[in-house]
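Work the whole structure out from these sequences, hints included.
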Amino acid sequence: MNPIVKYVLQFIVLILLQVLVVDQISFGYASEFIVPSVYFLFVLMLPLTISNGALMFLAFSIGMMVDVFKSTPGMHASAMVVLGYSRPYLLKLIEPREGFDILKSPSIYSMRKNIYLVFVSLAAIVFHLWYFTIEVMRFSDFHVILLKTLFSSIISVLLIILTQYLTVKRK
Amino acid sequence: MNNLLKFIQKYSSFFLFLGFQLICFVFLFSSINSYHHVSFANSSNIITGGIYEASSNVSGYFHLSSEVEQLRIQNASLKKKLSGHMVLTGDAFTSVDDTNYLQQFDFLNAKIISSSKNGRKNSITINKGTENNVRPEMGVVGTKGIIGITTSSSAYYTYVKPLIHEDFILEVIHKKSKSFGFVKWTLSDDWRTATVVDIPNYVEVKPGDEILTRGSNGLFPMGEMVGFVLSVEDIPGEVYLKVKINLAEDFSNVYSVQVIDNVLKNEFKELISNQN
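As given, the protein sequences belong to chains R and E, one line each in that order.
The letter at position 77 of the first sequence is residue 77 when you use the working numbering, and the numbering goes up by one with no holes.
Just so we're on the same page, the working numbering is the position in the second sequence counted from 1, plus 1000.
If you're looking for bench data, these hints aren't it; they were derived computationally from the structure.
A hint or two may mislead.
With a straight-line Cα cutoff of 20 Å, these simulated DMTMM-like cross-link-like pairs (lysine to aspartate or glutamate) come out [as the list claims (entries may be wrong)]:
no. : chain 1 : residue 1 : chain 2 : residue 2
1   : E       : 1244      : E       : 1131
2   : E       : 1178      : E       : 1204
3   : E       : 1184      : E       : 1234
4   : E       : 1184      : R       : 135
5   : E       : 1184      : R       : 32
6   : E       : 1206      : E       : 1233
7   : E       : 1117      : E       : 1250
8   : E       : 1265      : E       : 1224
9   : E       : 1111      : R       : 23
10  : E       : 1111      : E       : 1261
11  : E       : 1117      : R       : 32
12  : E       : 1184      : R       : 141
13  : E       : 1244      : R       : 32
14  : E       : 1244      : E       : 1234
15  : E       : 1175      : E       : 1190
16  : E       : 1117      : R       : 23
17  : E       : 1144      : E       : 1233
18  : E       : 1117      : R       : 135
19  : E       : 1144      : E       : 1190
20  : E       : 1242      : E       : 1167
Shown next, in the form of structure tokens:
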């Protein structure tokens, strides 16, 4: 498949997956602390050769789309831009000695599984920490922000791994 | 100048990052300071509204029974009110005459097609818009209690700022004492509770007391159910109580709502603006 078509499809499917499926899951009494997001997987899956500017622009666009769906002005976009900006640093942090295969885009099949798990977990923590900080918007409730980040990140990582096994084709 | 350009080029992705963040924060703060949302950027627009409606048309079947149950309960309470009226008209007073009475509040049925309850800026989208004469600044009530206030409409969809939104504020009364206060959704509240502030501390407020709308801003009729007192906190050194209430409406399970159109709202607004 043409890579552009593939990424456009991923863009649309991940937004719909987020707002129509993941946001509808109820976590009962813990639901205030568990607000998982899976759509930021889009930014993690972009090719390694992409420029920083394009990466941030795509992150901003998908964040803005989710904002429109959820009527949260600019909050998801802001968290996504942070994630887009930090993705190169995260990748450098977890890069194995022999380096990544730059022709493949990051996925659970193109990386070692434990490295990929660390990559997704770090990304989830960065994303949720920023998101809940601007949502709560005061540092006196920092423990609330940390708890929300922790629980939401754990569930998000599980959902993302599940999504990968369901969608990405084994090569 | 050359050095400056080199500096910008070296840190270009960081400046780009700052630029994008600036755009995001403009959106964020413009929504906090103005009563109306930027209307293209929320779930009341035609594309997101359409997608949500298609999805709720499918998922709607799964909660039909609980919806019917809610409507049955509301029917029963409405019937009770009717029989109360019948006793009164048996008296010597004249019966209700259309030319003597003006219907002040119009109720329009609507369906919630998407809602959230876990964030701090929760949202509700309903499937009626300007084509059905639903406009911004109208009250929305559910079968059990008040839901929120409409803030922006497209032709067929409307975005509602629910009671469980951190910017929501509404004047309410404590039914027993008729004292006024404001209901707010503070950081210590979740989707089942809210906080009423500004009730003086000499007022006796007990758990279980009813909190109703005051109807002061013309969006809701007087006496719409808001919630029941859960606990009362007397803050030392303050003259006001902090009253925690249980919301009457269950925001995790709400589908049918009514939008309230106050026929006399413009007159009311004019009166207020003339005074200022």
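Verification of the supplied hints:
1. At roughly 39 Å between alpha-carbon atoms, residue 1244(E) and residue 1131(E) are farther apart than 20 Å, so this suggested pair is violated.
2. With a C-alpha separation of about 11 Å, the suggested pairing of residue 1178(E) with residue 1204(E) holds against the 20 Å cut-off.
3. As the CA atoms of residue 1184(E) and residue 1234(E) are separated by approximately 17 Å, the hinted pair is consistent with the 20 Å bound.
4. A threshold of 20 Å between alpha carbons decides the hint, and for residue 1184(E) with residue 135(R) the separation of about 17 Å falls inside it, so the pair holds.
5. Using a Cα cut-off of 20 Å, the hinted pair residue 1184(E) and residue 32(R) holds, with the two alpha carbons roughly 18 Å apart.
6. For the hint linking residue 1206(E) to residue 1233(E), the alpha-carbon distance of about 11 Å falls within 20 Å, and the restraint holds.
7. For the suggested pair residue 1117(E) and residue 1250(E), the alpha carbons sit about 10 Å apart, so the restraint of at most 20 Å is met.
8. Our distance criterion of 20 Å between C-alpha atoms is met by residue 1265(E) and residue 1224(E), whose separation comes to about 17 Å.
9. Simply put, residue 1111(E) and residue 23(R) have alpha-carbon atoms about 19 Å apart, close enough for the 20 Å limit, and the pair holds.
10. For the hint linking residue 1111(E) to residue 1261(E), the alpha-carbon distance of about 16 Å falls within 20 Å, and the restraint holds.
11. Taken as a hint, the residue 1117(E) and residue 32(R) pair is honoured in the structure, with Cα atoms around 8 Å apart against an allowance of 20 Å.
12. As the CA atoms of residue 1184(E) and residue 141(R) are separated by approximately 18 Å, the hinted pair is consistent with the 20 Å bound.
13. The straight-line distance between the Cα atoms of residue 1244(E) and residue 32(R) is roughly 18 Å, inside the 20 Å bound, and the hint therefore holds.
14. A distance of roughly 11 Å separates the Cα atoms of residue 1244(E) and residue 1234(E); the hinted pair therefore holds under the 20 Å criterion.
15. With a C-alpha separation of about 23 Å, the suggested pair residue 1175(E) and residue 1190(E) falls outside the 20 Å cut-off, and the hint is violated.
16. Of the supplied pair hints, the one linking residue 1117(E) and residue 23(R) holds, its CA atoms being roughly 10 Å apart against a limit of 20 Å.
17. As the CA atoms of residue 1144(E) and residue 1233(E) are separated by approximately 26 Å, the hinted pair breaks the 20 Å bound.
18. A C-alpha spacing of about 14 Å is found between residue 1117(E) and residue 135(R), which places the hinted pair at or below 20 Å, so the restraint holds.
19. Pair hint residue 1144(E) plus residue 1190(E) holds up; C-alpha atoms about 18 Å apart against a cutoff of 20 Å.
20. Restraint check for residue 1242(E) and residue 1167(E): satisfied, since their Cα atoms lie roughly 18 Å apart, inside the 20 Å limit.
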